[in-house]
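Kindly generate the complete structure, drawing on both the sequences and the hints.
Top to bottom, those sequences are chains A and B. 8 is the number of the first residue of the first sequence in the working numbering; add one for each residue after it. 8 is the number of the first residue of the second sequence in the working numbering; add one for each residue after it.
No lab work stands behind these hints, which were simulated from the structure alone. Among the clues, some could well be false.
Copies of the same chain are indistinguishable here, so a pair counts whether it falls within one copy or spans any two.
Said to hold, decoys possible - Subject to a maximum C-alpha distance of 35 Å in a straight line, what follows is the list of computed DSBU-like cross-link-like pairs (lysine-lysine):
id	residue 1	residue 2
1	K209	K48
2	K209	K236
3	K216	K142
4	K312	K15
5	K120	K142
6	K147	K48
7	K312	K147
8	K48	K312
9	K48	K97
Number of protein chains: 2
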Amino acid sequence: LNIAAPIKLSAPNLMTVMAIRQHGVLSRSNIAEQIGYSNAKITGVVNDLIEQNILLEMDEAKSSGGRRARYVGFNPDFGYIVTINIGVTKLELALIDFGENIRIRRMLPINIKDGPETILTEICSFILDRIQQLKIPLEKIFAFVATLPGAIDSETQTPFETPLMPTWAGYQIENHLSQAFPYAVIQIENDANALAFGELRKGIAQEVKNFIYVKVGTTISAGIIINGKIYRGANGRAGDIGQMYVEAINFEGEVAEIIPLNLIASGAAIAQQAREAVENNYDTLLTEYELAEITAREVGQIAAKGDEFANQIIQQSGEVIGKSIANIVNFLDPELILIGGSVSNIGRQFLASIRRSILERSPALTTHNLRIEQATLASEASTLGAMALALESVFVLDE
Amino acid sequence: LNIAAPIKLSAPNLMTVMAIRQHGVLSRSNIAEQIGYSNAKITGVVNDLIEQNILLEMDEAKSSGGRRARYVGFNPDFGYIVTINIGVTKLELALIDFGENIRIRRMLPINIKDGPETILTEICSFILDRIQQLKIPLEKIFAFVATLPGAIDSETQTPFETPLMPTWAGYQIENHLSQAFPYAVIQIENDANALAFGELRKGIAQEVKNFIYVKVGTTISAGIIINGKIYRGANGRAGDIGQMYVEAINFEGEVAEIIPLNLIASGAAIAQQAREAVENNYDTLLTEYELAEITAREVGQIAAKGDEFANQIIQQSGEVIGKSIANIVNFLDPELILIGGSVSNIGRQFLASIRRSILERSPALTTHNLRIEQATLASEASTLGAMALALESVFVLDE
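Set out below in structure tokens:
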């Protein structure tokens, strides 16, 4: 059987597949209700999809009443997807079956500056080894999603130039991956977009049509969901909020300068401020560390011990991020703002400062229904986001 | 014939109507090409729409070659729409037929603080008089669009509270209008949204999917088009960019304060700065005017005479508007920014300053394809925007 994804399905078959993807398992009459076809029609559709090995009878006990109903769900072994979430210093990879079971999950240390050729070659051969061990035929890898900490050019599907990953600009990742995984639909996505999409499909934002996922890591960027879809902008550069200008306030409470958000509130900026304090011998427990050890994480740990200076850095970062988000709120009037990324766990006062700044700088009429929340999927978020994207790329409408 | 809009049409009929709305007149084979049906099918559809009096044979000469082709277009007398664009000091009204001919167009002075009850009662009786004189039956007024200089609550379809129009908050405009025009689909829309929609359908933005229309008038707001549709936000408050914070620079080039854009760059702020200069006897030709006479327009006129102070005010306004738009550009990565509203014509240096600020504060990779243009429809923009909205509300899919 030589199946090359994407797999074309008729409209009722595709709608059935999507309904089951959304709900996990469903009875035939659940499906009929969900998508508005008759029970007879759905029986035919489900039989067809079972014959194609896409769906399986699940026959599980109904929780209410105990009456047994015949459920159908995805056949886990129909196919598999691979996700890789490329970061600056680490790469997360996952092999996931069609039942959404994570079959392999690994975190590998990398240096993104080694460049795409080296990193992708190594990761592909690692994955190919594992799927051979699991006796999964290459034809069954239907989708491969790679996320990157930078924007992807909409026209060429290659990374834009960025200081974080200088050697990746213009590299044809898709070509590289499709040589190793010739049967897979390949997608390259910005990491904040994938995080937002994960929350939309698997997290806290499942009922939300318009929201922003603000990723605070080494740099600050946003994934934007508008009308239930990732919004990428004209060039693929939407969400580049680390470039938004905001005022830096000095310790006297005066405006020191107007600078890009990344330079004052990102993980890199937090670490930089801490290192400067240590160099200048400020009265802070941060001096316990060697300069080279200090990242945003250490600032969080010292702040948790009650260190005033470390707390001030974190609070200021939250404040200026909140000020920038307030401008977005006034512009976009979203339903929900999610704060995620490694720095978002730096301390409770971080989210509180963000919230306070947003509320201070937006009219109450705009914010009275606005939710400002910590992202929920935590360390699984990147994998789940990429998985959700991958699963939706496998089946398409046969037109 | 008792037709209450919206009028339900089958899918091919609706698609035909939309294609003709977009192109003005079309031959039957043009329509077939446009919407992907066979010529035979379209012949049936067109005959059906002609029988319903919606379309008319136009039989006009084909410009190329001189061969005559049979064209169809809208029957102008099939129906009419009314648009009113409510401003703070004036109201524009138009009666437009289905051939998009403007049959009545009037500009009436109003004071928006007189409140909705008084203003709408007067305007409705004015329009009802005129359509009676034209012998147009009330049943043929299929749509009525009113635009307002403020946000409309998505939930209640009533205006939000705003200092510009204090007595309008929560008023059921729709109820009021539908009592006078019982056969019409009523729509209430924010004016910047209608301006943006006008440029999308009739102006410079016809091929553009994602753009922002920045309206600089007494206050500053934006109409947002995303994926070819008006984006209104969770509460209907999207585009409230006059609330975005930006730095005010004093004449020494230092940051004086961080304040909402409306308070430093709007028409009201420009006039206020000019009045302060006159009161303080600055060296400026603005002193020729009485204090009460000075609006943004007078500042523009004096600037055109080479007055340095007046020019400085205008340039600063453009600069800070550009800084705010730069933040939007980094966030949204749009294809096009349109600058409109009464203040946008204040002087050539205004648009130039906006452009310069945007380019200074956004990465070249984001702006290299970005167009920043003066809106094109000028004084007709509000009417055309409201008309375009109205025409699209009359026919709906019969499901």
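Status of the hints after comparison with the structure:
| no. | hint | in the structure |
| --- | --- | --- |
| 1 | K209 x K48 | within (29 Å within a copy, 45 Å between copies) |
| 2 | K209 x K236 | both (14 Å within a copy, 27 Å between copies) |
| 3 | K216 x K142 | neither (40 Å within a copy, 46 Å between copies) |
| 4 | K312 x K15 | neither (57 Å within a copy, 67 Å between copies) |
| 5 | K120 x K142 | within (33 Å within a copy, 76 Å between copies) |
| 6 | K147 x K48 | within (29 Å within a copy, 44 Å between copies) |
| 7 | K312 x K147 | neither (51 Å within a copy, 74 Å between copies) |
| 8 | K48 x K312 | neither (63 Å within a copy, 76 Å between copies) |
| 9 | K48 x K97 | neither (48 Å within a copy, 59 Å between copies) |
Hint compliance for this structure: hints 3, 4, 7, 8, 9 are broken, all remaining hints hold.
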